[in-house]
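Using my numbering, the letters of the sequence shown map in sequence onto residues 979 to 1047.
It is possible that part of the hints are untrue.
FRET-style restraints, in silico, Cβ to Cβ [what the hints assert, rightly or not]:
1) 990 with 1031: 20 to 26 Å
2) 981 with 1031: 35 to 41 Å
3) 1022 with 1047: 28 to 34 Å
4) 981 with 1043: 34 to 40 Å
Note that these hints are calculated values from the structure, not bench results.
C-beta: ideal position from N, C-alpha, C; glycine also.
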Amino acid sequence: MPRAEAHASAILREYHEAETELIGKAVVLTDGTAGTVEELYLDEAHGLRLSIAGHPGKWPVATIKLAQK
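All chains should be modelled from the sequences, with the hints used to inform the complete structure.
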């Protein structure tokens, strides 16, 4: 497998793992926004972002302060 294909596969594998860990879980972000994660997005400019039910917008995953286990 060429290196680029291997890197792309690794990125997609990690993305799907993050979906499994976060979709449907309650989170609190550093700005105080709280709710259930509806969807994850892979944004080429900002990296992995999430949307929260009832709140317009998308936030970087790095802003998660607390997450339901």
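We went through each hint and held it up to the structure:
1. As the Cβ distance of residue 990 to residue 1031 is approximately 25 Å, the hint placing it in 20 to 26 Å holds.
2. For the pair residue 981 and residue 1031, the supplied restraint of 35 to 41 Å holds, since their beta-carbon distance comes to about 39 Å.
3. As the Cβ distance of residue 1022 to residue 1047 is approximately 30 Å, the hint placing it in 28 to 34 Å holds.
4. Distance hint check for residue 981 and residue 1043: the Cβ-Cβ separation is about 36 Å, which falls inside the suggested range of 34 to 40 Å.
In this structure, every one of the numbered hints holds.
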